[in-house]
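Asker: Sequence:
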Amino acid sequence: WLNVMMAPASFGVVVTAGFGVFIIGDLLKLVLAMIIFPTVWRMINR
1 WLNVMMAPAS FGVVVTAGFG VFIIGDLLKL VLAMIIFPTV WRMINR
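So for the sequence shown, this note's numbering puts the first residue at 1; every next one is plus one.
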């Protein structure tokens, strides 16, 4: 649907606009998980 909404744009622009946001969000979730999960695990094991 993104390609239809951005009809005059090239495929590369559509991929960048569509996936760029999700990749940044996924990296943020990964960093948070790397910080939070070990901390919670240590708190549970006490």
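I should point out that these hints are in silico values taken from the structure, not numbers from a laboratory.
Wrong hints could be hidden among the right ones.
To be verified - Computed cross-link-like contacts, SDA-like style, restricted to lysine to any residue with a CA-CA straight-line distance of at most 20 angstroms:
id : residue 1 : residue 2
1  : 29        : 19
2  : 29        : 40
3  : 29        : 14
4  : 29        : 10
5  : 29        : 46
Asker: Does the alpha-carbon distance linking residue 29 and residue 19 stay inside the 20 angstroms limit?
Answerer: With Cα atoms ~15 angstroms apart, residue 29 and residue 19 stay inside 20 angstroms; holds.
Asker: Tell me if the straight-line CA distance from residue 29 to residue 46 falls inside 20 angstroms.
Answerer: violated (26 angstroms)
Asker: Take the C-alpha atoms of residue 29 and residue 14, compute the straight-line distance between them, and say whether it is at most 20 angstroms.
Answerer: Cα-Cα ~23 angstroms, so violated.
Asker: With a cut-off of 20 angstroms on the C-alpha distance, tell me whether residue 29 and residue 10 pass.
Answerer: violated (29 angstroms)
Asker: Compare the distance between the alpha carbons of residue 29 and residue 40 with 20 angstroms, and conclude whether the hinted pair is satisfied.
Answerer: holds (16 angstroms)
The structure shown violates the earlier hints numbered 3, 4 and 5.
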